[in-house]
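A.B. asks: If you want the building blocks of each chain, they are given just below.
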Amino acid sequence: MAEKVGVYVCHCGSNIAGKVDVEDVAKWAGEKVKDVAVSRDYKFMCSSLGQKLVEDDIREQGLTRVVVAACSPHLHEKTFRRACSNAGLNPYLMEMTNIREHCSWVHKDRAAATEKARSLVSASIERVKFQEPLEPMFVDVNRATLVIGGGIAGLQATLELADAGYPVYLVERQPSIGGHMAQFDKTFPTLDCSACILTPKMSEVGQHENVTLLTYAELEEVSGSVGNFKVRIRQKARHVVFDDCTGCGICVEKCPRKVLDTEFEAGMGNRKAIYMPFPQAVPRVPVIDTESCIWFERQKCRACEKLCPTNAIDFDQEDEMIEIEVGNIIMATGWDAFDTRKIPQYGYGRLANVYTSLEFERLCNAAGPTNGKIVLRDGKTEPKSVAIVHCVGSRDERHNPYCSGICCMASLKLGHLVLEKTDAEVYSFYIDMRTNQKNYEEFYQRLLGEGMRFVRGKVAEVTDAARKPSEQGKLIVQCEDTLVGRQQRFPVDMVILMGAIEPQVDAREMGLKCGISCSMEGWYTERHPKLDPVATMTDGIFVAGACQGPKDIPASVAQGAAAAARVAGMITKGKVMIEPIVASIDEEGCSGCRICNNLCPYNAIEYDAEAKVSRVITALCKGCGTCVSACPAGAIRGAHFSDRQIFAEIQGALWDAWQPRGGASEEAEAVPVSAP
Amino acid sequence: MVADTPSDNRSKFLRDVIADTPEGERIVHCLQCGSCGGSCPNGAEMNYTPRAVIAMIAADRREEVLTSNTMWQCVSCYFCTSRCPQDIPITEIMYALKRMSIREGKARKTDAPALAKTFTDLVEKYGRSFEFGIASRYLLFNRPMSMLKSSGMGMSMFAKGRLALTPTRIRQVKQLRAIINKARELSQHD
Amino acid sequence: MKYAYYPGCSLEAGSAAYDKSVRAVLEQLGVELDELDDWNCCGATEYFSQNELVATSVIARNLALVDGEHDQLVAPCAACFLNLKKTDKLLSEQPVMKGKVDEALAAGGLSYRPGRVRVRHLLDMLYTDIGQEAIRAKVVQPLNGLRVAPYYGCQIVRPLNGFDNPEYPMKMDEMFEWLGAEVVDYPVKAHCCGGHMTQISEPEAFELIRRLLQSADEYQADVILCMCPMCQLNLDAYQGRVNGHFGTSFKLPIVFFTQLLGVALGIEMKKLGFGKELVSAEPVIRSKLDGSSVGAAT
Numbered sequence: 011m012a013e014k015v016g017v018y019v020c021h022c023g024s025n026i027a028g029k030v031d032v033e034d035v036a037k038w039a040g041e042k043v044k045d046v047a048v049s050r051d052y053k054f055m056c057s058s059l060g061q062k063l064v065e066d067d068i069r070e071q072g073l074t075r076v077v078v079a080a081c082s083p084h085l086h087e088k089t090f091r092r093a094c095s096n097a098g099l100n101p102y103l104m105e106m107t108n109i110r111e112h113c114s115w116v117h118k119d120r121a122a123a124t125e126k127a128r129s130l131v132s133a134s135i136e137r138v139k140f141q142e143p144l145e146p147m148f149v150d151v152n153r154a155t156l157v158i159g160g161g162i163a164g165l166q167a168t169l170e171l172a173d174a175g176y177p178v179y180l181v182e183r184q185p186s187i188g189g190h191m192a193q194f195d196k197t198f199p200t201l202d203c204s205a206c207i208l209t210p211k212m213s214e215v216g217q218h219e220n221v222t223l224l225t226y227a228e229l230e231e232v233s234g235s236v237g238n239f240k241v242r243i244r245q246k247a248r249h250v251v252f253d254d255c256t257g258c259g260i261c262v263e264k265c266p267r268k269v270l271d272t273e274f275e276a277g278m279g280n281r282k283a284i285y286m287p288f289p290q291a292v293p294r295v296p297v298i299d300t301e302s303c304i305w306f307e308r309q310k311c312r313a314c315e316k317l318c319p320t321n322a323i324d325f326d327q328e329d330e331m332i333e334i335e336v337g338n339i340i341m342a343t344g345w346d347a348f349d350t351r352k353i354p355q356y357g358y359g360r361l362a363n364v365y366t367s368l369e370f371e372r373l374c375n376a377a378g379p380t381n382g383k384i385v386l387r388d389g390k391t392e393p394k395s396v397a398i399v400h401c402v403g404s405r406d407e408r409h410n411p412y413c414s415g416i417c418c419m420a421s422l423k424l425g426h427l428v429l430e431k432t433d434a435e436v437y438s439f440y441i442d443m444r445t446n447q448k449n450y451e452e453f454y455q456r457l458l459g460e461g462m463r464f465v466r467g468k469v470a471e472v473t474d475a476a477r478k479p480s481e482q483g484k485l486i487v488q489c490e491d492t493l494v495g496r497q498q499r500f501p502v503d504m505v506i507l508m509g510a511i512e513p514q515v516d517a518r519e520m521g522l523k524c525g526i527s528c529s530m531e532g533w534y535t536e537r538h539p540k541l542d543p544v545a546t547m548t549d550g551i552f553v554a555g556a557c558q559g560p561k562d563i564p565a566s567v568a569q570g571a572a573a574a575a576r577v578a579g580m581i582t583k584g585k586v587m588i589e590p591i592v593a594s595i596d597e598e599g600c601s602g603c604r605i606c607n608n609l610c611p612y613n614a615i616e617y618d619a620e621a622k623v624s625r626v627i628t629a630l631c632k633g634c635g636t637c638v639s640a641c642p643a644g645a646i647r648g649a650h651f652s653d654r655q656i657f658a659e660i661q662g663a664l665w666d667a668w669q670p671r672g673g674a675s676e677e678a679e680a681v682p683v684s685a686p
Numbered sequence: 007m008v009a010d011t012p013s014d015n016r017s018k019f020l021r022d023v024i025a026d027t028p029e030g031e032r033i034v035h036c037l038q039c040g041s042c043g044g045s046c047p048n049g050a051e052m053n054y055t056p057r058a059v060i061a062m063i064a065a066d067r068r069e070e071v072l073t074s075n076t077m078w079q080c081v082s083c084y085f086c087t088s089r090c091p092q093d094i095p096i097t098e099i100m101y102a103l104k105r106m107s108i109r110e111g112k113a114r115k116t117d118a119p120a121l122a123k124t125f126t127d128l129v130e131k132y133g134r135s136f137e138f139g140i141a142s143r144y145l146l147f148n149r150p151m152s153m154l155k156s157s158g159m160g161m162s163m164f165a166k167g168r169l170a171l172t173p174t175r176i177r178q179v180k181q182l183r184a185i186i187n188k189a190r191e192l193s194q195h196d
Numbered sequence: 007m008k009y010a011y012y013p014g015c016s017l018e019a020g021s022a023a024y025d026k027s028v029r030a031v032l033e034q035l036g037v038e039l040d041e042l043d044d045w046n047c048c049g050a051t052e053y054f055s056q057n058e059l060v061a062t063s064v065i066a067r068n069l070a071l072v073d074g075e076h077d078q079l080v081a082p083c084a085a086c087f088l089n090l091k092k093t094d095k096l097l098s099e100q101p102v103m104k105g106k107v108d109e110a111l112a113a114g115g116l117s118y119r120p121g122r123v124r125v126r127h128l129l130d131m132l133y134t135d136i137g138q139e140a141i142r143a144k145v146v147q148p149l150n151g152l153r154v155a156p157y158y159g160c161q162i163v164r165p166l167n168g169f170d171n172p173e174y175p176m177k178m179d180e181m182f183e184w185l186g187a188e189v190v191d192y193p194v195k196a197h198c199c200g201g202h203m204t205q206i207s208e209p210e211a212f213e214l215i216r217r218l219l220q221s222a223d224e225y226q227a228d229v230i231l232c233m234c235p236m237c238q239l240n241l242d243a244y245q246g247r248v249n250g251h252f253g254t255s256f257k258l259p260i261v262f263f264t265q266l267l268g269v270a271l272g273i274e275m276k277k278l279g280f281g282k283e284l285v286s287a288e289p290v291i292r293s294k295l296d297g298s299s300v301g302a303a304t
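Note that the protein sequences, when read in sequence, are chains U, P and F.
Positions 11 to 686 (the numbering used here) are the ones given, in order, by the first sequence.
Positions 7 to 196 (the numbering used here) are the ones given, in order, by the second sequence.
Positions 7 to 304 (the numbering used here) are the ones given, in order, by the third sequence.
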């Protein structure tokens, strides 16, 4: 029996109609393409009136198939599936064709774009006729959530969920939670003490009954899918028995080996071989750094072991694998600092008094190595002039083309601290001042009033090559003052480089483990940049904070809370729909060769050794089609992507070549397609 | 929406500079950050910094740019190019401005075009260049006073055997000239 | 190893010491260097200031002259190196220009396929192809005690070098550490020597030269090592006039890096072109080094 197809071509205001003659496409489909019972164009198909058109036609005209030619299915496939359902048609008998992103937005020539739109519509008409009714499946959602990363975004997400009564696993690779925020002295624009507002959240997480805190631990592997992820976590050996340690700190105090702390102190201070990164660390359980511990180096010492009052030191401790099951995952893995050595003309590493912003944060932190005294590398001289260099590795095609977003405000904050704590002059070398959040511009105005000097020009170089006596012994910052239009040299005592905010070095690798993708730079890609900023294209995996793009504290907190809200919604609902677009194996045709078993990226195919056939575990299958194309016997079929559907779609796309004078479907029958 | 190429509303001067500079299209990405002006070893001597020149090109201020000394102060050190965060071939733009300035008869403030001409005339005559010929002719015709001042140094160079009085002539000067003449004929401007 | 060699005009007269020392050093290292037959001037920066197509065609003639026996062309001079490399790149990337250059070359009966010849700078070739081990094995007169300031200038390291950092190059520094010298890490080693400004506007040029001399002097260098004829000329021949202009008293010998490399390899100083520099280098070299082995290999 011939199908009755309804075709709906959307104008999308002028988004599509501006480049595609939608009326012509609809008219052509109605008149020239076989089996089309109704064909309409409409200003906004996604409006309730547009949806009603579809529903009414299904009911009144008895449509058996629907094609909607509009925007991306990412945006409105759900809308039109629902409309079909409402009118009693199985939602999988609707096909959406994208004539906006794939056509009107990328073409200039109206006639050619219209021709392409016809082709796309024709392809969908031919395909939809072979589509089959499918029934979605539902699985229960595990109430536990995994949060990866214990910086401010991860802490916020953890607390939101834990306070709502849901169990949370928080995994952090450092010995303590707290992230970069724990390193800062003050926060902009309010200048409240960073530790004062962060540590309450840290200890709350540390003591929360719903939180399982796994610090000094790394994500190893994620399997399963939304609602039911299985996660393997490597608990790195602390060499301190967690449950026995009271956090008294005697081991740290007595450890004879002092090493440069390149992590928390950014190289500005020392720590011991057994250490807690900072006094308010959570948990208060130290770790032994085996790279610098004397025992691990030459089997001597063991001072910590001898002096520990609870015998908590265990030199033989090994890494441990922990397996957990969670329903959802929130990635909050944060950012890394740009290596300022990559710009040698700024002298970092060569000129002593050139600092990175993180080094300077530690320098002016009251709990830092100088107790907050701003001094040069000699440890005693207070600078009389300080230059703050913006955009170091940001807005630069050679390094990172993007704006790091937070450095302008951070520069103002650092400038304020210098002015407050010293008598130094402060210069800020900027390209554009970007202060566009609540109370940020006011903070800029405040610093203008406080006497910070602003020079509009990207710094060309920082050098110690003096040209005149007044430059002797100084660092000279050379740039063009672009507002004056002249090259200038500024002799200063100290230079602070505002390095770019970069993705974590292993961001891409971590993303792969969870099945989410990164931008070119390495930021995690959100599901929609405006309307779905914390979800990803993988259901059940969410992102929060700077791992998704440079972000300041307020924005990271907002995202942490937003991701938690999305997860809470999933848990409350209790069940999650799984698309019935899965593979199935025809056991008659399966030779038991097992090629598909290893190829499946989701471990969704198991082998039945008795029956000597492979079987798909439907709950794990994502319908990617890898096995379908790999099966040498052609025994695997992907629902909603059968050979027959795909060949028909191709044939429809080539309608004019296939049959220059009219309807395509008679020929379609003659195409050698493998039977569904 | 995909942005259309804004080819029509750009200034005439900008279009000309882009056409005359390999990879010149990058110029429209200038952030006006001043890396070039800050890096230039001769930046302090320029009428306008390279950054300002780029802004002036976009603003169609042809006369001011082509009569300025900016491009003639360029020593082709490539610091601007190497440091430009937007990958703009600034040194090459300076060469393009030199060519336009000569072509349009606007290079008045400098002896550089004369030096360039002296140099290339010799190459076309002999196939190779030699310092003495360049220095003597160029200075004699353009800066006779300077010739007197540097004659002491010239004598020392001569004494050290470092000033050749006659150039080496290549065998295939005719072939070279044929290539040059053809290239000159093919270049749209000369 | 076999290379086509493009000495460039400066090495014929003004910088004969460079040519002499290049040939002597490479012979000592067993590298075959075949001078490109009938090469012509690269035009320095002067053709590009007048006519881009003529500039590239003149340079392309040299690339076209490299015979089938060679696929690498070594140039010691900065301007020559950059022009040859830049032209090869332009011809690869600018099809319209390539079409016209093809036509111009054809008028002289020549042709060139972009990318056929790999243009190398001498320093890159010595550092990368010959390498530390082979060079160290031939050192007979270590340069211990001699403070050298490697000077890279501009056009070898920018914009196309592909073998060293354009802002803070290190390859010559490393090479002279192999040879035992005390290498001075001074901040202006890749800054400009003034180029042709000495011919156009002396005050500006003198200032640029002074900055280099002053920095090397502050770092107590015994000698500045050059790898470009223009740099050597400006720093050496104009040193007296710079002193006159600023009332300074610099007396810094400026030599080509191959000259001092030759000393380390034990080649006689005379064969390396010493004595042609206006600020004499020989006294400081002989006094700092244990004179007995200088020139011992010959």
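If you're looking for bench data, these hints aren't it; they were derived computationally from the structure.
Mixed in with the good hints there might be a few duds.
[Unchecked claim] In silico lysine-lysine, PhoX-like type, Cα no more than 20 Å apart, as pairs:
id, chain 1, residue 1, chain 2, residue 2
1, F, K294, P, K166
2, F, K294, F, K276
3, P, K166, F, K277
4, U, K632, U, K585
5, P, K166, F, K257
6, U, K196, U, K431
A.B. asks: Could you run down the list of hints and mark each one as holding or not?
C.D. replies: Hints, one by one, checked against the model:
This hinted pair does not check out: K294(F) and K166(P) have alpha carbons roughly 24 Å apart, beyond 20 Å. The straight-line distance between the Cα atoms of K294(F) and K276(F) is roughly 18 Å, inside the 20 Å bound, and the hint therefore holds. Proposed proximity of K166(P) and K277(F) is supported: the alpha carbons are some 15 Å apart, at most 20 Å. Distance hint between K632(U) and K585(U) is fulfilled; the C-alpha atoms sit about 17 Å from each other, no more than 20 Å.
Our distance criterion of 20 Å between C-alpha atoms is met by K166(P) and K257(F), whose separation comes to about 18 Å. Restraint check for K196(U) and K431(U): satisfied, since their Cα atoms lie roughly 13 Å apart, inside the 20 Å limit.
Violated hint: 1 only; the structure is consistent with all others.
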